[in-house]
Amino acid sequence: MPRIELKNVSNFVLRNVNLDVRDGELFVLLGPTGSGKTTLLKVIAGLVEYEGSVLFDGKPMEGVPPELRRIGYLPQDQVLFPHMDVASNIGYSLRVKGRPKTLAEKRVDELLGMMGMMHLKHRYPKNLSGGEKQRVALARALASDPVVLLLDEPLSNLDPITQQYLRLELRQIQRKLGITCVFVSHDLEEAESMSDRVGVLFGGEIQQVSTLSEMTFSPKNKTVSDFIGALNILNCRCDRVLGGLAECDCDGKTILVPFEGKPVRKIAIDPKEIVIATEESDIPLPRVNVFKGEIVSIAETSSMSRVEVRLENGVLLTSVVAKETCRSQGLAEGKGVFIKLKLKGMRTSD
Amino acid sequence: MKPRDWAWIAPISLLLATWEAVARTGAFPPYLFPPFSRVLVTAYLLTANGVLIGNFASSLARVLVGFALGSLAGLGMGILMGYNDAVNKAFHPIFSILMPIPAVGWLPLLILWIGIGEALPITIVFLCSFFPLLYNTSTGIREVHRDCIDVARTLGASKREVLKTVLLPLALPSIFTGLRLEAGMAWRVIIAAEMVAIPSGIGALLVASESLLRVDVIMLCLMVLSVMCLIFEKALLFLERRCVRWK
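Read top to bottom, the protein sequences are chains A and B. At position 9 of the first sequence the residue is numbered 9 (my numbering), and the sequence of numbers has no breaks. At position 41 of the second sequence the residue is numbered 1041 (my numbering), and the sequence of numbers has no breaks.
Note that these hints are calculated values from the structure, not bench results. As the structure is a prediction and not an experimental result, all values here were calculated from the model. Among these hints, one or two may not hold up.
25 Å max Cα-Cα, derived DSS-like pairs, lysine-lysine [as the list claims (entries may be wrong)]:
hint, chain 1, residue 1, chain 2, residue 2
1, A, K176, A, K222
2, A, K101, B, K1159
3, A, K266, A, K342
4, A, K121, B, K1247
Which chain B residues stay away from chain A? Per the calculated CB distances, all over 10 Å, these [to be verified]:
hint, residue
5, P1029
6, F1036
7, F1095
8, L1110
9, G1115
10, E1118
11, L1155
12, A1157
13, L1170
14, F1176
15, R1242
Ideal Cβ placement from N, Cα and C applies to all residues, glycine included.
With the rest of the complex left out, here is chain B (with noise of 0.2 Å):
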């Protein structure tokens, strides 16, 4: 690793270490602004009695459920789209006005049409990402310079050839930005329909720990939120270097 890589740790350190001292100056009750140390404390207890490793599982095997189904499905439908005029046609504006919607503000509607269960969570990942990935993918496509197609097709490519050598390579940049977008998106939505409708996860842990004024489990809650957002977020990067290193 090069030096600059480590040049986050100063500036985050000295966020905990200021933390720190202004919770132990007393200037807070220590309920309500706990030291970075208890938080710490409390994370190695949660973890050992197994209450954090459980919820952050089940909202881990959700989110990766519903992102990997939202992906695939934004994905397939996005190169139709992309590559098919009457598709686009036909669907556009039909997910043009879907689209907008946040995908939370379907919670309500799906807790009436499939009930409190596993399905909900997953359901709401899959909507947050599938609209981006949508609409990255087909307009990745569709942003392929002409040339590029009409120069494949002369040189002997299929239609089926030119998708697969040429116009998917290319939206590969367009397609990995959907997915970084969605990925920390779908952490969020994640947290906020545990915390609304699902009785398990870091969301309803969240709500749990607010009644019960553990503050030092809130904050837990939102730094494993941070640190899943971010690993998604650097995972896909890694991944898109390897993939797109023409860029």
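With the rest of the complex left out, here is chain A (with noise of 0.2 Å):
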């Protein structure tokens, strides 16, 4: 499979991206409402016009149009061709390069049956769920034996069970297959659970490329550190491993934090999994990670406060609270509070 590089790609929506997607890689595409995803996505593909270049496993693309460039391509809407059943939904790329009718019958049943969907065959997608639908269409893309596949959010208007379920199957389809995948998405938890590696694009720009736990613990700028969600990184030692949580001194307070077989000399939280209190009565048990510190300042958004909470030990955590929350609980600058650090809310680093 092929190693995709972009060099000084430019055109309306990008400015002079480089970019590198390794033989056989997840890469996760992140990224806020129009900063460009969906346009870089098209122009790998082909179908919109840019200046600068694209190569395939260091061949160039440009003057190669779509229909030739081996490619699988899912978008957010419209995924299914609406007049064709699921069965000639998944078989128009062999109908169109006209592979004989057998062969591709063939083809079109072994997709459904690796799906596990042969009881949709000859359903129309208006009778298909938003999951049935993706699925047909990622068979749909598979079908004719593409090297690169292109995923443009196929799985932000499902349900989040469905969400986390198709992810698991289309990380492991892509595993199996090999193929040098890119997908978009908004969603930190998405490429937390199916990339190899990320990049962040922001007005059209490529701000970082690394893993995202890289990216978590060192941001490049203050964009990436924006987008990823201003995490909460605290210097430790972990000495003790209990199972698969580790124990780690960090300035004086114990925090336990999931292991992963990897030494930790550095925790990212995310301030969205800090619960604060003013009584400790209300913090959920068990009484673990949970710490003593006083409000030093809240800052609003629209729905959301963000609450600096100095601890004893004088480290300073952000935890992020509804609004209404915060009005609830009384919380305001100068008053003692407990927090308590989410186990989920946890990244952990060397």
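Combine both chains into one complex, guided by the hints.
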């Protein structure tokens, strides 16, 4: 499967983009709405005009039309042709490429079997659920054995449970087939569960390319740091391992963190995953990772409040809570509070 | 057929019965408001002597030829304009000026340009059919979601295959709407053209009947016109349902 390189790519949205997606990698492209993620996918697919160069395995793609690039493309909306049933949708690429009918039918059945969708074979898209549509679209993209898979927020319109299931399925299929894949998302959780590496695109420019962990602990600039949520970063020393947890000392406070078999020297804590309460009894049990502190400042946005708390050891932590919660708990600057760090919101690094 | 498919019979029967009853009260002179039964007898007599069939066949042939030519031309031009931005930019302003002109409005000009003859009503029906289909086809194609086209291209379809397998099938509902609209309109304009300038056809029979005070024949002609509009519309609706099953 090819390595994809973009060299000095610019157009009406993108500005001098240089990117290298490795062979067989699942690369997640992150960025806010309007940052140019979809346009970048379309550049790789050859669907929009651009200046610069796109290379597959070092071979320039300029002048190669989309139908000859061996690409599987899943857009965010309108994923299926509404006038074709499931079998016709999946077999579309084989038909337009003039493959023999019997071979095409065999391939369609093979893909339907692989995705466990044989019972949907003759249904029209209007009679499919959102998850089923996405799986049919994936099967259709895989039907002609693409070497590059371009996925444009394919799961964003689905319910959380289906999203989780399809992420897993998608990742397994991508690994099994070894297809080079560029996956557009604006969801960090999605990026974390799927990516080999991630890239942050903002204002048409690539801000950083690295693993999500590297990005979390060493954001290249404020744009990246703001996008991934300005996490709380603590330096620590972890000496004890307790099963799946590690006991770490952070400036005199003992914090339990998820242990992934690697040394831990830094902890990143998502501000949204820090519980804050004025009474210790309001903190959910057990009393682990619970600390006392004092509110230093409160900054409000349209619906959320960023509450900065100084712990007894002088460490500053930021918690993000709903504005309503902030009011109902009577949180104010100078007030003593208790905080609990949820394991879910922690990432570790060496 | 389901019971609801026959639901139209009761109100129509009631209308005809009321018509018959009112006409037979003698409140109006029979030559101005003949009963329905009189119109039926006239229908039989004019069918038997070939007058109705002859005039009807003339009108039907003109509608079919004009409708077919206008639809094909509108479809072709609509496809070009819907698919190609340059063609659309070049022709859209011109057609935008011409489209609002009622088909019958062309009549005086066409009488001077092509004279009174078979070509005249056919040209009028052509014009009446061409513009709606042109508009509906180009709009139908242009409204296909861009992602559908992009996906088809990445799946290996050439531009021509995208047109054939994605754009045209997805534009079909809009094309059929245009066809249904123009089918009824074609009958209306052919009658108008025949009334003004052509000596044969249902329209000409209407004008002749008016001067002879044959209200029964006028009513018969109007009923034929109404039935033909309905038949055309239902036939196209049937065809649309067969072709656009996915909708």
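Hints and how they fare:
no. : hint              : verdict
1   : A:K176 to A:K222  : violated (37 Å)
2   : A:K101 to B:K1159 : holds (22 Å)
3   : A:K266 to A:K342  : holds (16 Å)
4   : A:K121 to B:K1247 : holds (18 Å)
5   : P1029             : holds (58 Å)
6   : F1036             : holds (46 Å)
7   : F1095             : holds (27 Å)
8   : L1110             : holds (39 Å)
9   : G1115             : holds (46 Å)
10  : E1118             : holds (40 Å)
11  : L1155             : violated (4 Å)
12  : A1157             : violated (4 Å)
13  : L1170             : violated (6 Å)
14  : F1176             : holds (13 Å)
15  : R1242             : holds (13 Å)
Comparing the model with each numbered hint stated earlier shows that hints 1, 11, 12, 13 do not hold.
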